[in-house]
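From first to last, the protein sequence lines are chains A and B.
Position 297 of the first sequence, counted from 1, bears residue number 297 in my numbering, the numbering being contiguous throughout.
Position 235 of the second sequence, counted from 1, bears residue number 235 in my numbering, the numbering being contiguous throughout.
It cannot be assumed that every hint is accurate.
[Claimed, not checked] On the chain B side, residues computed to face chain A include the following (Cβ under 8 Å): (1) 41; (2) 45; (3) 95; (4) 171; (5) 217.
[Stated by the list, open to error] Okay, derived cross-link-like pairs now, DSBU-like style, lysine-lysine, Cα gap no bigger than 30 Å in a straight line: (6) 101(A) / 159(B); (7) 101(A) / 81(A); (8) 159(B) / 81(A).
Quick caveat, the hints were computed from the structure, so don't treat them as lab data.
The structure displayed is predicted, hence computed values, not measured ones.
Where a beta carbon is used, it is the ideal one built from N, C-alpha and C, also for glycine.
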Amino acid sequence: MRYTGLATRFETNAEHDLMLNTIDRTSEPLVRLSGAGVQRAGRWLVRGVDMDIRPGEIVTLIGPNGSGKSTTAKTAIGLMKPQEGTVTRRSGLRVGYVPQKLAIDWTLPLTVERLMKLTGTPSPSEIAEALEATGVAHLAGAEVQALSGGEFQRALLARAMVRKPDLLVLDEPVQGVDFTGEVALYELIRNIRNRTGCGILLISHDLHVVMADTDTVICLNGHVCCRGTPQNVVASPEYLKLFGARAAETLAIYRHRHDHTHLEDGRVLHQDGSVTDNCHPADGHHDHAHDHGHDHSHGHRDA
Amino acid sequence: MIMATTIRMGTAMLDGFFTRALVAGIGLALTVGPLGCFIVWRRMAYFGDTMAHSALLGVALAFLFQINLMAGVFLVASLVSVALLLLQRRGALSTDALLGILSHSTLALGLVMVAFMSWVRVDLMGFLFGDILAVSRTDIALVYGGGAIILGLMAWLWKPLLAATVNEELAEAEGMAPERSRFIFMLLMALVIAIAMKVVGILLITSLLIIPAATARRFSTTPEQMAVLASFIGVVAVVGGLFGSLHFDTPSGPSIVVAALVLFLLSLFSFTRRPAGALQ
């Protein structure tokens, strides 16, 4: 029941849909990759990538290991230089980055609170707000080495978002997190986008859950295999070829569907406006989940 | 009568070389605390050792070209660190092997060159293990002047260096220019080695960097706290070591390191437990 409290802080789906529609496709993208290719030791890690990320847009990169996901993300934020094609970033672009691997040596005494000030100078109230939003406010004084995988990822997310970035780059943010935690983290990411309107570049090798809130999925395997909305990508022949029909079958697109909201006092607000002490059995609950419903999409089977 | 003599001797010592040794040692300890912390955090102990060992080559070259000793040491230590960074980038050999090669070959080259230069009288033991009791007023000025520069630059570099220590790519992605701060850090290390050589000697410099920092870890909850604490633990080690060397008539440089070691061992038995969930 660890994440129960989170549900109360989430906006409803209606607001989310509103946000989706507010992505201005004609606006200047935060980052634009045009035919970008990166070479290392005579081998192309990835080639011919076109990618735009606009404010308020969530772009997810998926693909097998070594398919160039991290390379593409690093190229987008200037950590790697492309050997062909171009990368243009909006001038003064503020990036918040959660790297794939982050091991902090035990010899470095670092509390969660101090971690928040690593690259910026946020005020105490901004720190408290970010930790509150990611659900780790109670860990502010804890040493980062003592955190669990999920807690650490949340602290890293809080650190990245306290910078108030224009672009948030998350390299496998749900690694080492169990399924319930994974769902909660994706909710959190969606929520950050909705509240701040920043662009988000998400990397996932986890094919089981691709955020349904993703606006664009780009499926990589050394080049762009296919792209589109999560539903389109799952149904595309390139995707099936790359990951196999079995992988596609087990792939679940996490669909967020609130039909009720938990209030601060523990009571439940339903979609029809009624308030009860408990959730209805018919509410969108998964058997073991506690604060929101989700279903697994297997639409491609019927297709 | 005997007592009066002892007191007179004591005063003379405090007025003279012993006071100068204390003042120089304390200045150095204050300077190296923050640097030592980064050496520990970034796992650069062997790297620091390699730079220090190359100092003897610097000494030899300084004699050969008749330039200032400290300048020679600073230049060679800087060159060695740059060479190491370049070799690392080529990636042919592991960093560990590269350090092993550079560390001992520069030390050996220095020793061989000094042996060839029969026209200069070199106090080899002094360079290897330090000769703090021989520090002059000029040396003290250098320790404090250099120390002020080092601490000033460290304060300026603190945020980017710390961010890069946590994660190099994160620091770069968020505009902290980790390459530049690492380069300046290397130069500061070279400067510290040039300054510290006379006090604790080439072979013991890294211990003065690392042991106080490692001792401070258990009592610190923030990086800044650890840096300040490392400086003060270094001061205690210098004072304890110097008085110990006076009392037991032992060599001063090694005595300082032994004092630092004693403090470290005491910290192991301290009431502060290693925090739960500590890694490694």
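Comparing the hints with the structure gives:
1. 41: 5 Å, holds
2. 45: 11 Å, violated
3. 95: Status violated, d = 16 Å.
4. 171: 7 Å, holds
5. 217: Since chain A brings a Cβ to about 6 Å from residue 217(B), closer than 8 Å, the hint holds.
6. 101(A) / 159(B): Holds. Residue 101(A) to residue 159(B) sits at ~21 Å (cutoff 30 Å).
7. 101(A) / 81(A): 20 Å, holds
8. 159(B) / 81(A): 25 Å, holds
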